[in-house]
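Peer 1: What follows is the residue order along each chain.
There are 2 protein chains.
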Amino acid sequence: MNPVKVGIAGLGTVGSGTVNILRRNADEIARRVGRPIEIAHIGARRDNDSCDVTGVRISRDVMEVARDPDIDILVELIGGTTTARELVLTAISNGKHVVTANKALIAEHGNEIFAAAHAKGVDVAFEAAVAGGVPILKALGEGLAANRIKWIAGIINGTGNFILTEMRDKGRSFSDVLAEAQALGYAEADPTFDVEGIDAAHKLTILASIAFGIPLQFSKVYTEGISGLTSEDITAAEQFGYRIKHLGIAKDTGNGIELRVHPTLIPQSVLLASVNGVMNAVMVDGDAVGPTLFYGAGAGAGPTGSAVVADIIEMGRALTIEHDQRVPYLGFHSDVLSEEPVLPMDQVVCPFYMRLHVQDRTGVLADITRILSQHSISIEAMFQKDVDDDQPVPIMLMTHAVREQDMNKALAEIAALDAVLDDIVRIRVELLKA
Amino acid sequence: MNPVKVGIAGLGTVGSGTVNILRRNADEIARRVGRPIEIAHIGARRDNDSCDVTGVRISRDVMEVARDPDIDILVELIGGTTTARELVLTAISNGKHVVTANKALIAEHGNEIFAAAHAKGVDVAFEAAVAGGVPILKALGEGLAANRIKWIAGIINGTGNFILTEMRDKGRSFSDVLAEAQALGYAEADPTFDVEGIDAAHKLTILASIAFGIPLQFSKVYTEGISGLTSEDITAAEQFGYRIKHLGIAKDTGNGIELRVHPTLIPQSVLLASVNGVMNAVMVDGDAVGPTLFYGAGAGAGPTGSAVVADIIEMGRALTIEHDQRVPYLGFHSDVLSEEPVLPMDQVVCPFYMRLHVQDRTGVLADITRILSQHSISIEAMFQKDVDDDQPVPIMLMTHAVREQDMNKALAEIAALDAVLDDIVRIRVELLKA
Numbered sequence: 008m009n010p011v012k013v014g015i016a017g018l019g020t021v022g023s024g025t026v027n028i029l030r031r032n033a034d035e036i037a038r039r040v041g042r043p044i045e046i047a048h049i050g051a052r053r054d055n056d057s058c059d060v061t062g063v064r065i066s067r068d069v070m071e072v073a074r075d076p077d078i079d080i081l082v083e084l085i086g087g088t089t090t091a092r093e094l095v096l097t098a099i100s101n102g103k104h105v106v107t108a109n110k111a112l113i114a115e116h117g118n119e120i121f122a123a124a125h126a127k128g129v130d131v132a133f134e135a136a137v138a139g140g141v142p143i144l145k146a147l148g149e150g151l152a153a154n155r156i157k158w159i160a161g162i163i164n165g166t167g168n169f170i171l172t173e174m175r176d177k178g179r180s181f182s183d184v185l186a187e188a189q190a191l192g193y194a195e196a197d198p199t200f201d202v203e204g205i206d207a208a209h210k211l212t213i214l215a216s217i218a219f220g221i222p223l224q225f226s227k228v229y230t231e232g233i234s235g236l237t238s239e240d241i242t243a244a245e246q247f248g249y250r251i252k253h254l255g256i257a258k259d260t261g262n263g264i265e266l267r268v269h270p271t272l273i274p275q276s277v278l279l280a281s282v283n284g285v286m287n288a289v290m291v292d293g294d295a296v297g298p299t300l301f302y303g304a305g306a307g308a309g310p311t312g313s314a315v316v317a318d319i320i321e322m323g324r325a326l327t328i329e330h331d332q333r334v335p336y337l338g339f340h341s342d343v344l345s346e347e348p349v350l351p352m353d354q355v356v357c358p359f360y361m362r363l364h365v366q367d368r369t370g371v372l373a374d375i376t377r378i379l380s381q382h383s384i385s386i387e388a389m390f391q392k393d394v395d396d397d398q399p400v401p402i403m404l405m406t407h408a409v410r411e412q413d414m415n416k417a418l419a420e421i422a423a424l425d426a427v428l429d430d431i432v433r434i435r436v437e438l439l440k441a
Numbered sequence: 008m009n010p011v012k013v014g015i016a017g018l019g020t021v022g023s024g025t026v027n028i029l030r031r032n033a034d035e036i037a038r039r040v041g042r043p044i045e046i047a048h049i050g051a052r053r054d055n056d057s058c059d060v061t062g063v064r065i066s067r068d069v070m071e072v073a074r075d076p077d078i079d080i081l082v083e084l085i086g087g088t089t090t091a092r093e094l095v096l097t098a099i100s101n102g103k104h105v106v107t108a109n110k111a112l113i114a115e116h117g118n119e120i121f122a123a124a125h126a127k128g129v130d131v132a133f134e135a136a137v138a139g140g141v142p143i144l145k146a147l148g149e150g151l152a153a154n155r156i157k158w159i160a161g162i163i164n165g166t167g168n169f170i171l172t173e174m175r176d177k178g179r180s181f182s183d184v185l186a187e188a189q190a191l192g193y194a195e196a197d198p199t200f201d202v203e204g205i206d207a208a209h210k211l212t213i214l215a216s217i218a219f220g221i222p223l224q225f226s227k228v229y230t231e232g233i234s235g236l237t238s239e240d241i242t243a244a245e246q247f248g249y250r251i252k253h254l255g256i257a258k259d260t261g262n263g264i265e266l267r268v269h270p271t272l273i274p275q276s277v278l279l280a281s282v283n284g285v286m287n288a289v290m291v292d293g294d295a296v297g298p299t300l301f302y303g304a305g306a307g308a309g310p311t312g313s314a315v316v317a318d319i320i321e322m323g324r325a326l327t328i329e330h331d332q333r334v335p336y337l338g339f340h341s342d343v344l345s346e347e348p349v350l351p352m353d354q355v356v357c358p359f360y361m362r363l364h365v366q367d368r369t370g371v372l373a374d375i376t377r378i379l380s381q382h383s384i385s386i387e388a389m390f391q392k393d394v395d396d397d398q399p400v401p402i403m404l405m406t407h408a409v410r411e412q413d414m415n416k417a418l419a420e421i422a423a424l425d426a427v428l429d430d431i432v433r434i435r436v437e438l439l440k441a
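So the sequence lines, in the order shown, correspond to chains A and B. Residues in the first sequence are numbered consecutively from 8, following my numbering. Residues in the second sequence are numbered consecutively from 8, following my numbering.
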């Protein structure tokens, strides 16, 4: 099967992330697309050591990629709106499909770009432009397509959310946290785009168009930043039962669309209030589905590259329209399903919570910990409840990670102890660490 | 443009929800698909007053729908696995595409159904089978397709999550909450499928197949229910900093796949721990994107119908393969973008938080409340901070919903008061109520 040939313009953080994902997961991706993805040409002013481009044609002039007759898809990752616009329009006029992560380009020049692409019969995809790796555009345009969307409210700038989270958690000032964010690389030297809401306004423009079927209208977004917020306000909001988040909000009022980016108090009880640090999340309320939320990392080589490559995969699947090239039933094609075994439960490894009742008698705890230790089970935390004399004593404990079969053996021995009274409760623990 | 002709088998909660969405949002949906969706035939043993089926052919034998030469897509919403399997295989052998919300059918007979569909070159879609209206299958199979999925952890049974939430929030017993859930209609008279994890195991089977590209293997899922949990354990878990959730977990360990449903302690700090009540959420960790979370209602006429109709829309788009029938750039076709206006910010209506500093002088508060009242702004809550004598007094207040232009006028008048000292802080409030 012929590979899908991809040309990548721009080899910065997202460009190298995209190259790394396409190479690392090449087999998995080919299983999903039904044919391999080949990086045929890269345009970049300079090399980037963080990815391997062995064997790939390299041009210093990105326009050469857009004109290369050998590529099917141009991936625009140079950023900015001037050269990027010219690059994308050149690729389209040469009949290439386009994938871009450039929110400013789509929000400000999308209408023009789509018109050119429509005239040429090529596709333009930009999932990476909003909320990084979170497939929110696909969710709005396809997954929730049955709904009349009522409103969207999103934490769509990770820098701003990091700053607000730190201000709240540690009572720090805006300027203090901003300086740290700059040192950590979360914020640019010129933080205006992030903290004054321009970046969020670009993303909101795109979200609103897909939600409501309206043209891109970046110039009409009301935009207010977070640089004026004080920790005093954040504390007062908490006292009222609210949390302050920098939201992009798009709402269909019935007599017009609201498009606005500004600091917003939201009830502490809604899930969006618990989205902290650099993470992004978009809440969508549809008339059929009700409230939904889509959460993940909004920036960085991996997350943004994940969305860029998802768009490449979708275009690869669509390039040929035979049945076998459509999205397969299980996402993977049926003749290449993997035969990886399902593990028996006794081979699962995780920490455990345990609760047991014992007679209040010397040596019981020693017996229990000895049995655990004989099965190489170590205890992370434990407490005993105070009870009246002669009552059974409840003991609760948390173990470190242990193989299920070892835990089962230890439990059988513990249950056999005379001093252990009731059925032992044991519940598995998942730390959900990424 | 010819309509897409749909036959619906089953007119219970989800069937009538599907009919209602297709009718209510017919214009919006036709804008997304590029052609109208027509309900051409309904098969149901009895009528259902909660939807309007005027003008639709009705059969009492669902098999007649599967054999109707006039329909393009059969929508299976009868539930169960015996008649449903026969119905779906009949539809496929008659060359129809199939949409189903039936998790048991796909988890237990999906491999057979996909093989039959593959042989006929038709599609089978089942987004509604997992997590109701949350487009998690599309996210896994398409939005996150660039990733090697490391693990999935999901709250994928709303009944179970409602019970655990109530047990935790109110210290109630399992049996007490179950009885209430049955009275509220969240739990079936026979609650086994929900509380013993069988329903979750069906859904996990499907999630794991799409995440890892493995065949459906329901019989290999380890399943443990929540009926043995006590509020004592839930409290102890909290003391350790954890929350108990009934999770479906699928994990690629490198030497096998873990597939398991059981009560699980998770750190209170992870977003999944804040998913309460009947809501569903699925956390997915991909090697490129990192941790993501997809949240929404997992059951009910609207949410499940939302996913069923999304599948119908996707099939409608794919039925013709011309450029204009592909998913359009903005989800809607470019020649039917709406001209709905973007509202100017001064017409936005929302509650406000305000903070101002005033001189400690009689009558200041009366002046402020008078001005607010003259602009029809009512106060929901207010507090004043105690300060030393002769210091400015900070006043924080929350208003009810007010139009931005009225708030701006009131603020200008308040700022002009002699006793009001500093710049007034005002931050908009969003209740995020669905």
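Be aware that a few hints might be false.
What the hints assert, rightly or not - Chain A is faced by these chain B residues, among others (derived, beta-carbon under 8 angstroms): (1) Pro10; (2) Lys12; (3) Val63; (4) Arg67; (5) Tyr229; (6) Pro274; (7) Ser281; (8) Gly284; (9) Tyr302; (10) Gly312; (11) Arg362; (12) His364; (13) Gln391; (14) Ile431.
Claimed, not checked - Calculated cross-link-like contacts (lysine-lysine; reagent style DSS-like; alpha-carbon spacing at most 27 angstroms): (15) B:Lys177 / A:Lys392; (16) A:Lys416 / A:Lys392; (17) B:Lys227 / A:Lys416; (18) B:Lys12 / B:Lys177; (19) A:Lys227 / A:Lys157; (20) B:Lys227 / B:Lys157; (21) B:Lys127 / B:Lys157; (22) A:Lys177 / B:Lys392; (23) B:Lys416 / A:Lys227; (24) A:Lys12 / A:Lys177.
No lab work stands behind these hints, which were simulated from the structure alone. The beta carbon of each residue, even a glycine, is placed where N, CA and C say it ideally should be.
Peer 1: If a hint holds in the structure, say so; if it doesn't, say that too.
Peer 2: Hint-by-hint comparison with the structure:
1. Among the interface hints, the one on Pro10 (chain B) is violated; its C-beta lies about 16 angstroms from the nearest C-beta in chain A, farther than the 8 angstroms criterion.
2. Taking 8 angstroms as the C-beta contact cut-off toward chain A, the hint placing Lys12 (chain B) at the interface is violated, the least distance being around 17 angstroms.
3. Given the 8 angstroms rule on beta carbons, the hint for Val63 (chain B) is violated: about 18 angstroms separates it from the nearest Cβ of chain A.
4. Checking Arg67 (chain B) against chain A: minimum C-beta separation of about 27 angstroms lies over 8 angstroms; hint violated.
5. Nearest Cβ of chain A to the Cβ of Tyr229 (chain B): about 4 angstroms, under the 8 angstroms cut. The hint holds.
6. Restraint check, Pro274 (chain B) versus chain A: the minimum CB separation of about 6 angstroms is within 8 angstroms; hint holds.
7. Proximity of Ser281 (chain B) to chain A holds as hinted, the smallest CB-CB distance being about 5 angstroms (cut-off 8 angstroms).
8. Contact between Gly284 (chain B) and chain A, as hinted, is not supported at the beta carbon level, the nearest pair being about 11 angstroms apart and thus beyond 8 angstroms.
9. At a threshold of 8 angstroms, the smallest CB-CB gap from Tyr302 (chain B) to chain A is about 4 angstroms, leaving the interface hint in force.
10. Interface restraint check for Gly312 (chain B): the shortest CB-CB distance to chain A comes to about 6 angstroms, inside 8 angstroms, so the restraint holds.
11. Given hint, Arg362 (chain B) at the interface with chain A, holds; its Cβ is 6 angstroms from that chain's nearest Cβ, closer than 8 angstroms.
12. Because the closest C-beta pair between His364 (chain B) and chain A is about 10 angstroms apart, greater than 8 angstroms, the hint is violated.
13. Because the smallest distance between the Cβ of Gln391 (chain B) and any Cβ of chain A comes to about 11 angstroms, over 8 angstroms, the interface hint for this residue is violated.
14. Annotation: interface hint on Ile431 (chain B) violated; nearest CB of chain A at approximately 11 angstroms, more than 8 angstroms.
15. A threshold of 27 angstroms between alpha carbons decides the hint, and for Lys177 (chain B) with Lys392 (chain A) the separation of about 21 angstroms falls inside it, so the pair holds.
16. For a cut-off of 27 angstroms, the pair hint linking Lys416 (chain A) to Lys392 (chain A) stands: about 26 angstroms separates their Cα positions.
17. Proposed proximity of Lys227 (chain B) and Lys416 (chain A) is supported: the alpha carbons are some 22 angstroms apart, at most 27 angstroms.
18. Between the alpha carbons of Lys12 (chain B) and Lys177 (chain B) the distance comes to roughly 49 angstroms, so the proposed pair goes past 27 angstroms and is violated.
19. Taking the CA atoms of Lys227 (chain A) and Lys157 (chain A), the gap is about 19 angstroms. The hint holds against a cut of 27 angstroms.
20. A C-alpha spacing of about 19 angstroms is found between Lys227 (chain B) and Lys157 (chain B), which places the hinted pair at or below 27 angstroms, so the restraint holds.
21. Straight-line distance between C-alpha atoms of Lys127 (chain B) and Lys157 (chain B) comes to about 34 angstroms, which puts the hinted pair past the 27 angstroms bound.
22. Restraint check: the Cα-Cα separation between Lys177 (chain A) and Lys392 (chain B) comes to about 21 angstroms, which is no more than 27 angstroms; the hinted pair holds.
23. Restraint check for Lys416 (chain B) and Lys227 (chain A): the C-alpha separation of about 22 angstroms stays at or below 27 angstroms, so the hint holds.
24. With a CA separation close to 49 angstroms, the supplied pair Lys12 (chain A) and Lys177 (chain A) exceeds the 27 angstroms bound.
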